[in-house]
Amino acid sequence: MTTRRSSVGVKALPYFLILPTLAFVSLFTIWPTLNAIYLSFFKQRLNIARFREPTFIGWENYINLFHDPTFLKVLKNTLIYVVGTVPLSIVVAFLMAWLVNQPLRGRGWTRLFFFHPTVLPMVSAATIWMFFLTPDYGLFNTTLAWLGYHGPQNWTGNPNLALFGVMLVAFWKNAGYYMIFYLAGLQNLPHEVFEAAQLDGANLLQQLRYITFPLLRRTTLFVSTIAFIGAFQTIDHIFVLTQGGPSNASNVLLYYLWQIRFENQDVGRASAVTVILILVLLVFTVSNVWLSERREESQYG
Amino acid sequence: MAKRTWNRRALGQTTLTLLTWALGLLWIVPLLWAITASLRPLNEPIQRGDVWFGTTLSIESYTKALSLAPFGLYFKNTVIIVLMILGVQLITITLAGFAFANYRFRGQKVFLFLILLQLMIPTAALLVPNFATIRWLNLYDTRLAIAIPYFGSAFGTFLMRQAFLEVPQDLVDAGVLDGCSWWQLLWHVYLPPSIPTLTAFMLSSVAWHWNEFLWPLIVTKSDAARPLTAGLVRFTQLGEIGAQWSLLSAATLLVAAPLLVVFLIFQRRFIESFLHSGLK
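Residue numbers (our numbering), protein chains in the order written: chain Z, 1 to 301; chain D, 1001 to 1280.
Derived from the structure by calculation, the hints contain no laboratory data. Virtual Cβ for every residue (Gly too), placed ideally from N, Cα, C. Hints may contain errors.
Unchecked claim - Partner residues are not named here, just some residues of chain D that face chain Z (Cβ under 7 Å, in silico):
| id | residue |
| --- | --- |
| 1 | Gly1012 |
| 2 | Ala1022 |
| 3 | Gly1024 |
| 4 | Phe1111 |
| 5 | Pro1122 |
| 6 | Pro1129 |
| 7 | His1188 |
| 8 | Pro1192 |
| 9 | Ser1204 |
| 10 | Ala1207 |
| 11 | Asn1211 |
| 12 | Leu1232 |
Same shape as in the complex, but just chain Z (with noise of 0.2 Å):
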């Protein structure tokens, strides 16, 4: 469809009226981009009286990061986290809208326990969550014992598990909120062919993989997408439960992000840091809508 649809009012009516929103987006998100690109290049740390003043060093700030173990420490956590949450937060996802989908008794009320996660604050999530998984009395622990698991309990505290902690928690949250963009693909789709593919003795398994899940590619790339934009965004849940410890095992590039320019004061580096994040946001977000581009060209071209 083309855009020239009315041409009521002055010509320069279409400015005035897109003049609000692109004036907060250039003051919120173009210029800090730029700005944060420009102040990487630079030497600027607030604590330390004769770096107060940004003194331009290159790429000394990038190449610092890379050669900091804490750096590689923190990427390769957020590497694990996205790959951890993302993937497992939208199967479940996908089999809660299924299931919630199904003429079930009493489907209301799982949907609800499904999505209630979404309305609460991640930060009351977490807090809720830091009780469960507490040591010795909570729930969590309580429940795995019964099950048969003896093992260590300090889901925040120790080095090993401190990460999957925080993973647990953002993926009890998420899958809720993703279930409800299948749940709208589920309920979008075209009886009829499913009605044909039963006609034709196709089994649940068949229908899913021929039809379900090629109808629902649009879906997917949309979930995806927040999901992994979403798995950057969100560190409430780390503030409350480890602060990024212990030494750094929970630590990722947001928190890590945070920590530079507030409790370093370092300027220049938090700047290299916003400039790699917002890098890598960029390549996920184009090479998944590319790729599901292609894919669906490889399926019906």
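With chain Z fixed as given, assemble chain D onto it according to the hints.
This is chain D only, laid out in the frame that chain Z set:
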């Protein structure tokens, strides 16, 4: 034969129901446990294996939590911030969405692209330069500082544009023939059929900003501007709280309750509006 397939189907149905309920209960248990824990009397701390209720139900934890931190003030701040964002967004996204859907103008694609950049570069990633901007605007430690980065919304602009594009051309033409001015066209022709999308956007905006934590934490330092989420985290770090779980649970639920209650009341509409809007 017919009976056997019926039996198999019933069995399958029962298995699915049980599976769904098991998964559902697994999901709700943390919340239920926090609720029961918050109702324990304060002098009965939770011990090992002490899983559900105390000897009596008590709301002591709630009154104590309310006395230890100004949750009323935090609540007021959150409401003001959320409404401020929503109010401005409704205007900015409607106008911009209308411009992109109804007009063709020079640079349109470039402007749309610039605005949509906000979808790929979330505000959270820009906290360092945005903090500098807030300082420069002299807004540090105000409610406006929490709200202002969200006044322009790429997501909302895009949603409204899509909704407006769905409005039939005939209706637009009829409006123009009747001599509508641009704002009459927007108000009488474009907006009425787009209300579901607008509602869905409103719900997601409120839910998102009600729950936001990191940005408010960064740009506030006093209770006067602090919202519920940042207040809760400060509360959990108070020395006198320690591991008093019933107190912590009570405070957590106080913070989560308003939105949770609104959601429970409107849940059908809430979920439906997600289902039937452009959010897919």
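Restraint outcome when Ser1204 (chain D) is required to lie within 7 Å of chain Z by C-beta distance: Violated - the Cβ of Ser1204 (chain D) stays beyond 7 Å from chain Z, reaching only about 10 Å at its closest.
Hinted contact Leu1232 (chain D) with chain Z - closest CB pair below 7 Å: Holds - the Cβ of Leu1232 (chain D) comes within 7 Å of chain Z, reaching about 5 Å at its closest.
Restraint satisfaction for Pro1129 (chain D) [CB to CB of chain Z, less than 7 Å]: This hint holds: Pro1129 (chain D) lies near chain Z, its Cβ roughly 3 Å from the closest one there, short of 7 Å.
Hint check: 7 Å Cβ-Cβ cutoff, His1188 (chain D) to chain Z: Violated. Min distance 12 Å.
Restraint satisfaction for Pro1192 (chain D) [CB to CB of chain Z, less than 7 Å]: Interface hint status for Pro1192 (chain D): violated (16 Å vs cutoff 7 Å).
Restraint satisfaction for Ala1207 (chain D) [CB to CB of chain Z, less than 7 Å]: holds, 6 Å
Status of the hint placing Ala1022 (chain D) at chain Z (closest C-beta pair under 7 Å): violated, 10 Å
Hint check: 7 Å Cβ-Cβ cutoff, Gly1024 (chain D) to chain Z: With a closest approach of 4 Å, the Gly1024 (chain D) hint holds.
Hinted contact Gly1012 (chain D) with chain Z - closest CB pair below 7 Å: Given a least distance of 9 Å, the restraint on Gly1012 (chain D) is violated.
Hint check: 7 Å Cβ-Cβ cutoff, Pro1122 (chain D) to chain Z: Holds - the Cβ of Pro1122 (chain D) comes within 7 Å of chain Z, reaching about 5 Å at its closest.
Phe1111 (chain D) as chain Z interface residue, shortest Cβ-Cβ below 7 Å: holds, 6 Å
Per-residue hint verdict: Asn1211 (chain D), partner chain Z, C-beta under 7 Å: holds, 4 Å
Hint compliance for this structure: hints 1, 2, 7, 8, 9 are broken, all remaining hints hold.
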